[in-house]
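Residues per chain, in single letters:
Protein chains: 2
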Amino acid sequence: MNDHEAMGAALNEAARAVLHRDVPIGAVCLIGGEVVARRHNERELRQDPTAHAEMLVLADAAATAGSWRLTDATVVVTLEPCPMCAGGLFAARVRSVVFGATDPKAGSCGTLYNLCADPRLNHEIEVTGGIRAEESAALLRDFFAGRR
Amino acid sequence: MNDHEAMGAALNEAARAVLHRDVPIGAVCLIGGEVVARRHNERELRQDPTAHAEMLVLADAAATAGSWRLTDATVVVTLEPCPMCAGGLFAARVRSVVFGATDPKAGSCGTLYNLCADPRLNHEIEVTGGIRAEESAALLRDFFAGRR
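From first to last, the protein sequence lines stand for chains Z and G.
Mapping the first sequence onto the numbering used here, position 80 (from 1) lands on 1497, and the numbers just tick up by one.
Mapping the second sequence onto the numbering used here, position 110 (from 1) lands on 1527, and the numbers just tick up by one.
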């Protein structure tokens, strides 16, 4: 599955978050080119500050892989990860991250920080941004417009 | 409960992690001066890269509080939080963090980063470091010495 297709799966997940009034952000985790986990933001649903899409997909992927070390994994997420989630990618030692829209408020894979490429940390992660960014941004824009 | 006493509870949690061969790091969460959650690192036990003590204590505290916004909470943790966990404190909007030993490899509350005090982020967290640091460091030192 290529990045464009994987982002399509992440976008489908993002749309599902709206059903429980969560900010529409979705993520999938690929290992060996296959989707092993797909989740969306459940912060409001579960009232859990740690329940961002990326964190949930990392936990699911690790459960499937049977290891916390996800060194062969790619996480594909609709919005640039926040500090917690970029730190989670690092904690899981993932190989690469692909994101859609950039996040000027908290983006930590190149915007405010780049936790994926810091020579002081003992693991670096390949970053690709801007994949289907407009579709991701449109989901977010429609969600926040609907809440006004 | 003062910082010294709360760190005692966190140190007791840290010691429990060793029972399942996890790196001994413990955390408690206080709201209104009372401990509402206490957890330790379960990364190896659960093979979950997100199962650091602070993340578990945030999820538990939010479940108890019934809200992902933990604006009255203080997290007390034996080791300076990593990027994921410092980002988690930010995601949960906690009021303050108290830590024991500093972490030169990944510390993100003042050492490599300070995710708690970045004017670009929309929330700042009061940080107190160095509380019972030697006891925390001794637990870690003994653990890694025992693994050699």
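Hints were generated in silico from the structure; no laboratory data involved.
Hints are supplied without guarantee of correctness; some may be wrong.
Each pair may be met inside one copy or between any two copies, as identical chains are not told apart.
As the list claims (entries may be wrong) - The calculated SDA-like cross-link candidates involving lysine to any residue, where the alpha carbons are at most 25 Å apart (straight line), are:
(1) K1522 / N1429
(2) K1522 / D1489
(3) K1522 / T1488
(4) K1522 / G1449
(5) K1522 / L1538
(6) K1522 / M1418
(7) K1522 / R1433
(8) K1522 / V1452
(9) K1522 / S1484
(10) K1522 / F1560
(11) K1522 / E1451
(12) K1522 / E1543
(13) K1522 / R1486
(14) K1522 / N1419
Each hint, compared with the structure:
1. K1522 / N1429: within (24 Å within a copy, 37 Å between copies)
2. K1522 / D1489: Result: close only across copies, 23 Å inter versus 29 Å intra.
3. K1522 / T1488: For K1522 and T1488, only the inter-copy Cα distance (19 Å) is at most 25 Å; the intra-copy one is 28 Å.
4. K1522 / G1449: neither (33 Å within a copy, 30 Å between copies)
5. K1522 / L1538: both (23 Å within a copy, 7 Å between copies)
6. K1522 / M1418: neither (30 Å within a copy, 35 Å between copies)
7. K1522 / R1433: Close inside one copy (23 Å), not across copies (38 Å); limit 25 Å.
8. K1522 / V1452: neither (29 Å within a copy, 32 Å between copies)
9. K1522 / S1484: between (32 Å within a copy, 22 Å between copies)
10. K1522 / F1560: within (17 Å within a copy, 39 Å between copies)
11. K1522 / E1451: neither (31 Å within a copy, 33 Å between copies)
12. K1522 / E1543: Classified as both: same-chain Cα gap 22 Å, cross-chain 20 Å, threshold 25 Å.
13. K1522 / R1486: Answer is between; shortest inter-copy Cα gap is 18 Å, intra-copy 29 Å.
14. K1522 / N1419: neither (28 Å within a copy, 34 Å between copies)
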